[in-house]
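There are 2 protein chains.
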Amino acid sequence: MEKMDAAVQRYDNYFLLQTNDVIDYVKVKTNLFEKNEKLTCDEIGDGNLNYVFHVRSLENEQSVIVKQAGHTARISDDFKLSTNRIKIESEALKMGGQYAPGLVPEVFLYDGIMNCCIMEDLSDHTILREALLKHKTFPRFSDDITTYMVNTLLQTSDVVMDHKDKKELVKSYMNPELCEITEDLVYTEPFNDYNNRNELYKPNEEWIMEQIYNDKELHLEVAKLKFEFMTNAQALIHGDLHTGSVFVTDKSTKVIDPEFAFYGPMGYDVGNVVANLIFAWANGVANGKDHFVLWVEKTIVDVINLFKEKFTMSWKQHATDPMADTAGFKEWYLEEVLSDAAGVTGMELTRRIVGLAKVKDITSITGEKERTWAERTCLVAAKTYIKKRNQLRTGEDFLSILKYAIASVK
Amino acid sequence: MEKMDAAVQRYDNYFLLQTNDVIDYVKVKTNLFEKNEKLTCDEIGDGNLNYVFHVRSLENEQSVIVKQAGHTARISDDFKLSTNRIKIESEALKMGGQYAPGLVPEVFLYDGIMNCCIMEDLSDHTILREALLKHKTFPRFSDDITTYMVNTLLQTSDVVMDHKDKKELVKSYMNPELCEITEDLVYTEPFNDYNNRNELYKPNEEWIMEQIYNDKELHLEVAKLKFEFMTNAQALIHGDLHTGSVFVTDKSTKVIDPEFAFYGPMGYDVGNVVANLIFAWANGVANGKDHFVLWVEKTIVDVINLFKEKFTMSWKQHATDPMADTAGFKEWYLEEVLSDAAGVTGMELTRRIVGLAKVKDITSITGEKERTWAERTCLVAAKTYIKKRNQLRTGEDFLSILKYAIASVK
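The listed protein sequences correspond, in order, to chains A and B.
First residue of the first sequence? That's 1 in the working numbering, and the numbers climb one at a time after it.
First residue of the second sequence? That's 1 in the working numbering, and the numbers climb one at a time after it.
So here's chain A without its partners, still in its complex pose (with noise of 0.2 Å):
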């Protein structure tokens, strides 16, 4: 019994667990594992703002992941952030997996002292970016997410939720710091390197300074997509839904890391999972694989119709507000959504390319003329889903102003 309690104690206080520390972490903290059944532990993030470890059972299947926030971020000590993060995580995956069931991963638990969220292992799993790059397709992947979309977003919006209890969300899920990061590397960097740190491809270098920085109409439309941003408490969004944050297997489709989750629009995390696609249609095309390509493209479309039409089915069966009703309602809602949608997809096109954070998918195309092509399709087609996105209202409508790109870059 006192040793228990040492034990216990050794977690009181706020420390950076290394490798060697996770295993009694978690026998400490869980029932997951017996007390004496030989563990082994790595640390396996490649992420750039948490600690992130690998705990397997040798003598069975049973396996967790065990994810600690610092006060730095893992990349550099300079960059001080808020451990909130994990507390929003965890939270947001607990949410997740209550509004989409079997679409996040399950978190066992979340400690707020250690600032640590313990969950379930989805090394089966690949990373929907790394797959997409060896050019596999998932044929669950449009019916996935867009279920995972439209149920944690309508359900966490005034439409359905009771109007008092989504004010104290929005409270409990006010993210500053890494909503900032946002509207810094997202909304505001890529069109006038503001803070000196974008980097750009050099044989577009001329081209995205002619294309992006000088273009005064695109930054009036970049300026309001901004002040959405940081003002419409829409929905419960992810806030960072790449590629990157998808767990796949032929079977199964995991949203993780939703860290950056806050109240905003609706539209921000459909923008990024279009916009994460496009990026592997033209590392598709770029490599010359047509059946990958018409994949993608398809999945575009299914995307974008598949969320209207289950968005409008949820509405119809889950919507409460007294106001929600009136005809002519859902139609001009979900427009709003979708033309956010469109602006966002040009948005992260846009600064994936130009901005700090770039993405493989682009960066990993070798030949100098298939990159250059590469990067100039992304952004004429970025402009136009910016600056038409009030005019996109299909799927079909969304993957046009791929076409129009192409046609557009020799």
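Simulated from the structure, these hints should not be mistaken for lab results.
These numbers were taken from a predicted model, which means no experiment stands behind them.
In this text, a Cβ means the ideal position worked out from N, Cα and C, and glycines have one as well.
Treat the hints loosely; a few may be bogus.
Simulated restraints on C-beta separations [claimed, not checked]:
#1 A/112 x B/60: 46 to 56 Å
#2 A/71 x B/9: 37 to 47 Å
#3 B/113 x A/59: 52 to 62 Å
#4 B/82 x A/137: 48 to 58 Å
#5 B/390 x A/71: 42 to 52 Å
#6 B/82 x A/15: 34 to 44 Å
#7 A/210 x B/391: 31 to 41 Å
#8 B/136 x A/317: 52 to 62 Å
#9 B/410 x A/172: 50 to 60 Å
#10 B/165 x A/168: 15 to 25 Å
#11 B/316 x A/168: 32 to 42 Å
List time: in silico DSSO-like cross-link candidates among lysine-lysine, alpha-carbon distance up to 30 Å [stated by the list, open to error]:
#12 A/388 x B/308
#13 A/87 x B/87
#14 B/87 x A/171
Keeping the supplied structure of chain A fixed, place chain B upon it in accordance with the hints.
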């Protein structure tokens, strides 16, 4: 010393102050009066929610107001309300004093245990609505109220404020219960009598059912405005800026009672000011007060035009967001605020005639013909403000809706 401690301890646990407690309370809690100074106290509250005491010296001119929030509304024990509202009011008044010096009463003390605010006594001022009912004019009003609005709204927005600091304010001014009152009384019930508590003026009963309850196009616009109110965390708004929330003399304007304050659309405050001027206008017309009517018309025009002018100036001086000086953005942003203001003008006009909380400007019109006319004219204007809100860009545009309404109602 012991006696002093006992005195202080007396207020260590919350209780509802009675008139004879208040004199001791202000002596213990402030240095505004001498220990032996003879004071007198009266309960003067006539609002719905709080207890308001007027404490004054019998020996000199010194006086203060003590406002206390109960756990239920003053008007009914059945109406449970968080005492958080007095915290919000006290802090919003302090911020108002910081951004719009001289235009709000000074706060001497906020007491989070007793849920009291001790503030400047304005009994040399008159409630603006009462003065307008006497058809008095206030040449300073349009200038002062636009300074108040521009300063408090723009300075608390993402245009000017550090975005992380702003998010902390959004959190601390979260005001679920009072927002719910507005969501119900302003944005829902006037259009469908959802809670069966509308009270229609008999001679207009059928007309209102036809013109308000049955206008589906109107309901669609109302639904959009409702969701805008619930999701647009644009600025720290007053939230209840009618002519009963303004104290005036010929030389002074003081905005009081910001207990509905929260982060919402700027246009909500502007629209409330305009709508309540329109009630004064309708009362003036019904009573044949031509000089007064002309002054109100000029004031409506001035409120919009001065707001625009000062907003533009202040933006140029104070904007900090790096995207905020994008060409055309300021103009777009201001147009959005004016659209909201026009929409809210229509909402406030409607809810104060159709909904639970009437205004004296209208209910005090004694002739049946005159009151019938006044209500219909305000409601025709209301519908037009709501439906045409994207087209109203100047004070003259706002006034033209009244001329149209006069021409439409026999």
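Report the numbers of all earlier hints that the structure fails to satisfy, in ascending order. none
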